[in-house]
Amino acid sequence: MIELPTIQQLKCLLCYGKENNFTRGAQQANITQSAFSAQIKKLEETVGMELIQRTNKGSHLTPSGEKMLAIAEKHLTNLQQEILTLRQEQQQEPTLLKIGVMRTLGDVLMNRHVQHFQQEKNPIDLVVYDMESSEILTDLRDDKIDLASVYMIHPKPFAEYEQVHLVWDQMAYYAPCLNISDKQISRSTIINHPMVYYPTNYFMEQTIGEYFAYGKPPRAATLSTPYAMVHFCQQNPAGAILPQRLIEALDINQGVYTLQEPLLMDNCIVFKKDTPKRTDIEFFINYLRPYFAD
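Each residue of the sequence shown is one higher than the one before, counting from 1 in our numbering.
Since the hints were derived computationally from the structure, they do not count as laboratory data. Note that the structure is predicted; figures quoted are calculated from it, not measured. Heads up, the beta-carbon is just placed ideally off N, CA and C, and yes, glycines get one too. Be careful, since some hints might not be right.
Mimicking DSBU-like on lysine-lysine, the simulated pairs with C-alpha atoms at most 30 Å apart in a straight line are [unchecked claim]:
hint: 1; residue 1: K41; residue 2: K183
hint: 2; residue 1: K57; residue 2: K67
hint: 3; residue 1: K74; residue 2: K41
hint: 4; residue 1: K42; residue 2: K144
Label-pair restraints from in silico Cβ distances [to be verified]:
hint: 5; residue 1: T222; residue 2: Q53; range: 43 to 51 Å
hint: 6; residue 1: K57; residue 2: N286; range: 43 to 51 Å
hint: 7; residue 1: E82; residue 2: D251; range: 39 to 47 Å
hint: 8; residue 1: P218; residue 2: K183; range: 39 to 47 Å
hint: 9; residue 1: K183; residue 2: Q80; range: 27 to 35 Å
hint: 10; residue 1: P199; residue 2: T279; range: 34 to 42 Å
hint: 11; residue 1: D142; residue 2: T46; range: 48 to 56 Å
hint: 12; residue 1: R141; residue 2: D182; range: 18 to 26 Å
hint: 13; residue 1: Q8; residue 2: T279; range: 32 to 40 Å
Could you build the full structure based on these sequences and the hints that come with them?
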(Lines of atoms letter the chains of each structure in order from A; the text may use other names.)
(Lines give C-alpha, C1' and ligand atoms only; values in the text may rest on other atoms or scores of the structure.)
Protein backbone atom coordinates (compact mmCIF):
# COMPACT_ATOMS: atom_id res chain seq x y z
CA MET A 1 0.00 0.00 0.00
CA ILE A 2 1.28 3.45 -0.87
CA GLU A 3 2.51 5.51 2.07
CA LEU A 4 0.20 8.45 2.81
CA PRO A 5 1.04 11.84 4.36
CA THR A 6 0.15 12.35 8.01
CA ILE A 7 -2.41 14.93 9.11
CA GLN A 8 0.39 16.84 10.86
CA GLN A 9 2.35 17.06 7.60
CA LEU A 10 -0.70 18.33 5.70
CA LYS A 11 -1.46 20.88 8.43
CA CYS A 12 2.12 22.17 8.18
CA LEU A 13 1.68 22.58 4.43
CA LEU A 14 -1.53 24.55 5.06
CA CYS A 15 0.30 26.79 7.52
CA TYR A 16 3.06 27.40 4.99
CA GLY A 17 0.45 28.13 2.31
CA LYS A 18 -1.07 30.86 4.52
CA GLU A 19 2.24 32.58 5.23
CA ASN A 20 4.62 31.61 2.39
CA ASN A 21 7.33 31.64 5.02
CA PHE A 22 8.88 28.87 7.15
CA THR A 23 9.26 30.97 10.30
CA ARG A 24 5.69 32.28 10.30
CA GLY A 25 4.38 28.90 9.16
CA ALA A 26 5.99 27.26 12.19
CA GLN A 27 4.39 29.88 14.43
CA GLN A 28 1.00 29.10 12.86
CA ALA A 29 1.57 25.39 13.47
CA ASN A 30 2.74 26.12 17.04
CA ILE A 31 5.93 24.05 16.67
CA THR A 32 9.62 24.92 16.33
CA GLN A 33 10.94 25.91 12.93
CA SER A 34 13.22 22.85 12.79
CA ALA A 35 10.28 20.52 13.51
CA PHE A 36 8.18 22.38 10.95
CA SER A 37 10.89 22.04 8.28
CA ALA A 38 11.23 18.34 9.09
CA GLN A 39 7.50 17.79 8.62
CA ILE A 40 7.56 19.53 5.22
CA LYS A 41 10.65 17.53 4.19
CA LYS A 42 9.01 14.24 5.18
CA LEU A 43 5.87 15.23 3.23
CA GLU A 44 7.97 15.86 0.13
CA GLU A 45 9.62 12.45 0.55
CA THR A 46 6.24 10.76 0.98
CA VAL A 47 4.70 12.26 -2.17
CA GLY A 48 7.97 12.03 -4.09
CA MET A 49 8.19 15.61 -5.33
CA GLU A 50 9.45 19.05 -4.33
CA LEU A 51 6.58 21.10 -2.92
CA ILE A 52 8.47 24.17 -1.72
CA GLN A 53 11.43 25.65 -3.56
CA ARG A 54 14.05 27.11 -1.24
CA THR A 55 16.50 29.80 -2.38
CA ASN A 56 18.82 32.28 -0.70
CA LYS A 57 16.12 34.93 -1.19
CA GLY A 58 13.34 32.91 0.45
CA SER A 59 10.95 30.15 -0.54
CA HIS A 60 7.75 29.59 -2.49
CA LEU A 61 5.40 26.79 -3.47
CA THR A 62 6.22 24.91 -6.64
CA PRO A 63 3.41 24.14 -9.13
CA SER A 64 3.21 20.68 -7.53
CA GLY A 65 3.11 22.36 -4.14
CA GLU A 66 0.16 24.51 -5.20
CA LYS A 67 -1.75 21.38 -6.30
CA MET A 68 -0.84 19.51 -3.11
CA LEU A 69 -1.97 22.50 -1.03
CA ALA A 70 -5.40 22.41 -2.72
CA ILE A 71 -5.66 18.66 -2.07
CA ALA A 72 -4.71 19.13 1.60
CA GLU A 73 -7.26 21.93 2.08
CA LYS A 74 -10.03 19.87 0.49
CA HIS A 75 -9.45 16.64 2.37
CA LEU A 76 -8.73 18.17 5.78
CA THR A 77 -11.89 20.29 5.48
CA ASN A 78 -13.93 17.20 4.56
CA LEU A 79 -12.39 15.26 7.45
CA GLN A 80 -13.20 18.05 9.92
CA GLN A 81 -16.80 18.19 8.68
CA GLU A 82 -17.23 14.44 9.02
CA ILE A 83 -15.81 14.49 12.56
CA LEU A 84 -18.14 17.36 13.53
CA THR A 85 -21.11 15.47 12.12
CA LEU A 86 -20.12 12.24 13.90
CA ARG A 87 -19.60 14.09 17.18
CA GLN A 88 -23.04 15.69 16.94
CA GLU A 89 -24.64 12.31 16.18
CA GLN A 90 -22.92 10.55 19.08
CA GLN A 91 -22.95 13.25 21.74
CA GLN A 92 -25.88 15.41 20.65
CA GLU A 93 -23.66 18.46 21.21
CA PRO A 94 -24.26 21.66 19.21
CA THR A 95 -21.58 23.09 16.95
CA LEU A 96 -19.91 26.17 18.42
CA LEU A 97 -19.94 29.13 16.02
CA LYS A 98 -17.56 31.96 16.92
CA ILE A 99 -18.87 35.21 15.44
CA GLY A 100 -16.97 38.47 15.06
CA VAL A 101 -19.23 41.54 14.97
CA MET A 102 -17.80 44.78 13.60
CA ARG A 103 -17.59 47.09 16.60
CA THR A 104 -19.43 49.95 14.89
CA LEU A 105 -22.52 47.76 14.34
CA GLY A 106 -23.00 47.20 18.06
CA ASP A 107 -22.99 43.55 19.12
CA VAL A 108 -26.39 43.91 20.84
CA LEU A 109 -27.84 43.24 17.39
CA MET A 110 -26.26 39.78 17.42
CA ASN A 111 -26.41 39.07 21.13
CA ARG A 112 -30.19 38.97 21.11
CA HIS A 113 -29.97 35.74 19.06
CA VAL A 114 -27.61 33.95 21.45
CA GLN A 115 -30.38 32.90 23.84
CA HIS A 116 -32.36 31.31 21.02
CA PHE A 117 -29.50 28.95 20.21
CA GLN A 118 -28.90 28.10 23.85
CA GLN A 119 -32.29 26.46 23.96
CA GLU A 120 -32.49 22.67 24.04
CA LYS A 121 -31.98 20.70 20.81
CA ASN A 122 -30.59 23.58 18.75
CA PRO A 123 -27.82 22.40 16.40
CA ILE A 124 -25.51 25.35 17.07
CA ASP A 125 -24.28 27.48 19.94
CA LEU A 126 -22.94 31.04 19.57
CA VAL A 127 -20.06 33.04 20.98
CA VAL A 128 -20.01 36.71 19.93
CA TYR A 129 -16.90 38.89 19.81
CA ASP A 130 -16.82 42.70 19.49
CA MET A 131 -14.11 43.49 16.90
CA GLU A 132 -12.78 46.08 14.47
CA SER A 133 -12.45 45.22 10.75
CA SER A 134 -8.67 44.61 10.84
CA GLU A 135 -9.10 42.20 13.78
CA ILE A 136 -11.89 40.41 11.92
CA LEU A 137 -9.71 39.83 8.86
CA THR A 138 -6.85 38.48 10.97
CA ASP A 139 -9.03 36.17 13.05
CA LEU A 140 -10.94 34.85 10.02
CA ARG A 141 -7.64 33.97 8.37
CA ASP A 142 -6.32 32.28 11.52
CA ASP A 143 -9.60 30.39 12.20
CA LYS A 144 -10.08 32.15 15.54
CA ILE A 145 -13.61 33.05 14.42
CA ASP A 146 -15.87 31.14 12.03
CA LEU A 147 -17.82 34.03 10.51
CA ALA A 148 -18.27 37.78 10.88
CA SER A 149 -20.95 40.44 10.56
CA VAL A 150 -19.45 43.42 8.70
CA TYR A 151 -20.27 46.50 6.67
CA MET A 152 -19.18 45.81 3.09
CA ILE A 153 -18.22 49.33 2.00
CA HIS A 154 -14.79 48.25 0.76
CA PRO A 155 -15.25 44.62 -0.38
CA LYS A 156 -11.70 43.99 -1.65
CA PRO A 157 -10.25 42.82 1.73
CA PHE A 158 -13.04 40.21 1.91
CA ALA A 159 -12.77 39.07 -1.73
CA GLU A 160 -11.49 35.59 -0.81
CA TYR A 161 -14.41 34.96 1.56
CA GLU A 162 -18.02 33.95 1.01
CA GLN A 163 -20.22 37.07 1.29
CA VAL A 164 -23.94 36.91 2.12
CA HIS A 165 -25.93 40.17 2.10
CA LEU A 166 -28.34 40.58 5.03
CA VAL A 167 -29.65 44.14 4.99
CA TRP A 168 -28.97 47.72 3.93
CA ASP A 169 -28.53 49.54 7.24
CA GLN A 170 -29.85 53.09 7.41
CA MET A 171 -27.65 55.39 9.47
CA ALA A 172 -29.20 58.08 11.68
CA TYR A 173 -28.03 61.15 13.59
CA TYR A 174 -28.36 60.96 17.37
CA ALA A 175 -28.19 64.21 19.37
CA PRO A 176 -30.62 64.31 22.33
CA CYS A 177 -28.98 67.39 23.94
CA LEU A 178 -29.05 69.58 20.82
CA ASN A 179 -31.99 71.87 20.16
CA ILE A 180 -32.95 70.78 16.63
CA SER A 181 -36.58 71.25 15.62
CA ASP A 182 -36.80 69.13 12.45
CA LYS A 183 -36.83 65.31 12.48
CA GLN A 184 -34.77 65.28 9.29
CA ILE A 185 -31.30 66.79 9.25
CA SER A 186 -28.91 67.77 6.47
CA ARG A 187 -25.14 67.52 6.31
CA SER A 188 -24.89 71.30 6.24
CA THR A 189 -26.73 71.45 9.57
CA ILE A 190 -24.73 68.65 11.18
CA ILE A 191 -21.38 70.31 10.45
CA ASN A 192 -22.42 73.27 12.63
CA HIS A 193 -22.56 71.06 15.74
CA PRO A 194 -19.88 69.09 17.62
CA MET A 195 -19.81 65.39 16.76
CA VAL A 196 -18.40 62.24 18.35
CA TYR A 197 -15.96 60.38 16.10
CA TYR A 198 -14.44 56.92 16.03
CA PRO A 199 -10.64 56.47 16.26
CA THR A 200 -8.86 57.30 13.01
CA ASN A 201 -7.99 53.67 12.20
CA TYR A 202 -11.63 52.57 12.41
CA PHE A 203 -13.55 51.63 9.29
CA MET A 204 -16.50 53.85 10.27
CA GLU A 205 -14.30 56.91 10.70
CA GLN A 206 -13.23 56.66 7.06
CA THR A 207 -16.85 56.23 5.97
CA ILE A 208 -18.02 59.29 7.91
CA GLY A 209 -15.13 61.29 6.46
CA GLU A 210 -16.31 60.36 2.94
CA TYR A 211 -19.89 61.31 3.84
CA PHE A 212 -18.78 64.81 4.92
CA ALA A 213 -16.68 65.38 1.84
CA TYR A 214 -16.94 69.19 1.89
CA GLY A 215 -16.41 69.95 5.56
CA LYS A 216 -16.61 67.95 8.79
CA PRO A 217 -18.28 68.83 12.09
CA PRO A 218 -16.00 69.88 14.97
CA ARG A 219 -14.79 66.96 17.07
CA ALA A 220 -16.49 66.71 20.47
CA ALA A 221 -14.82 63.42 21.45
CA THR A 222 -13.21 60.27 20.06
CA LEU A 223 -14.80 57.05 21.35
CA SER A 224 -14.40 53.42 20.32
CA THR A 225 -17.92 51.97 20.69
CA PRO A 226 -21.43 53.10 19.70
CA TYR A 227 -22.56 52.54 23.31
CA ALA A 228 -19.99 55.05 24.59
CA MET A 229 -21.15 57.48 21.89
CA VAL A 230 -24.78 57.13 22.98
CA HIS A 231 -23.86 57.81 26.60
CA PHE A 232 -21.69 60.81 25.69
CA CYS A 233 -24.44 62.36 23.54
CA GLN A 234 -26.92 61.88 26.39
CA GLN A 235 -24.67 63.96 28.65
CA ASN A 236 -23.26 66.56 26.21
CA PRO A 237 -24.45 68.86 23.39
CA ALA A 238 -23.01 66.71 20.60
CA GLY A 239 -24.21 64.29 17.95
CA ALA A 240 -23.14 60.93 16.52
CA ILE A 241 -23.94 58.93 13.40
CA LEU A 242 -25.17 55.49 14.41
CA PRO A 243 -27.06 52.55 12.83
CA GLN A 244 -30.82 53.07 13.05
CA ARG A 245 -31.31 49.41 14.03
CA LEU A 246 -28.91 49.81 16.95
CA ILE A 247 -30.82 52.87 18.18
CA GLU A 248 -34.08 50.93 17.98
CA ALA A 249 -32.55 47.91 19.77
CA LEU A 250 -31.52 50.22 22.64
CA ASP A 251 -35.14 51.50 22.79
CA ILE A 252 -34.10 55.12 22.13
CA ASN A 253 -36.90 57.38 20.90
CA GLN A 254 -35.77 60.94 21.61
CA GLY A 255 -33.08 62.91 19.79
CA VAL A 256 -32.97 60.69 16.71
CA TYR A 257 -32.88 62.38 13.29
CA THR A 258 -33.20 60.98 9.78
CA LEU A 259 -30.32 61.95 7.47
CA GLN A 260 -31.56 64.12 4.63
CA GLU A 261 -28.77 62.76 2.46
CA PRO A 262 -29.09 59.01 3.28
CA LEU A 263 -26.11 56.96 4.36
CA LEU A 264 -26.69 53.24 3.70
CA MET A 265 -24.37 50.44 4.79
CA ASP A 266 -24.30 46.95 3.26
CA ASN A 267 -24.46 44.55 6.24
CA CYS A 268 -23.06 41.15 5.25
CA ILE A 269 -22.04 37.86 6.78
CA VAL A 270 -18.58 36.67 5.64
CA PHE A 271 -16.90 33.31 6.17
CA LYS A 272 -14.27 31.05 4.63
CA LYS A 273 -15.37 29.30 1.46
CA ASP A 274 -13.78 26.02 2.57
CA THR A 275 -14.99 26.06 6.17
CA PRO A 276 -16.00 22.66 7.59
CA LYS A 277 -18.83 24.45 9.43
CA ARG A 278 -20.55 25.63 6.24
CA THR A 279 -23.75 23.67 6.93
CA ASP A 280 -24.10 25.19 10.40
CA ILE A 281 -23.24 28.70 9.16
CA GLU A 282 -25.89 28.45 6.43
CA PHE A 283 -28.40 27.23 9.05
CA PHE A 284 -27.57 30.30 11.15
CA ILE A 285 -27.85 32.68 8.18
CA ASN A 286 -31.26 31.26 7.21
CA TYR A 287 -32.40 31.84 10.80
CA LEU A 288 -31.19 35.47 10.61
CA ARG A 289 -32.82 36.41 7.31
CA PRO A 290 -36.33 37.19 8.65
CA TYR A 291 -34.82 39.57 11.22
CA PHE A 292 -32.72 41.41 8.65
CA ALA A 293 -35.08 41.61 5.68
CA ASP A 294 -34.64 44.81 3.63
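We went through each hint and held it up to the structure:
| no. | hint | result |
| --- | --- | --- |
| 1 | K41 with K183 | 68 Å, violated |
| 2 | K57 with K67 | 23 Å, holds |
| 3 | K74 with K41 | 21 Å, holds |
| 4 | K42 with K144 | 28 Å, holds |
| 5 | T222 with Q53: 43 to 51 Å | 48 Å, holds |
| 6 | K57 with N286: 43 to 51 Å | 49 Å, holds |
| 7 | E82 with D251: 39 to 47 Å | 45 Å, holds |
| 8 | P218 with K183: 39 to 47 Å | 23 Å, violated |
| 9 | K183 with Q80: 27 to 35 Å | 52 Å, violated |
| 10 | P199 with T279: 34 to 42 Å | 37 Å, holds |
| 11 | D142 with T46: 48 to 56 Å | 27 Å, violated |
| 12 | R141 with D182: 18 to 26 Å | 46 Å, violated |
| 13 | Q8 with T279: 32 to 40 Å | 26 Å, violated |
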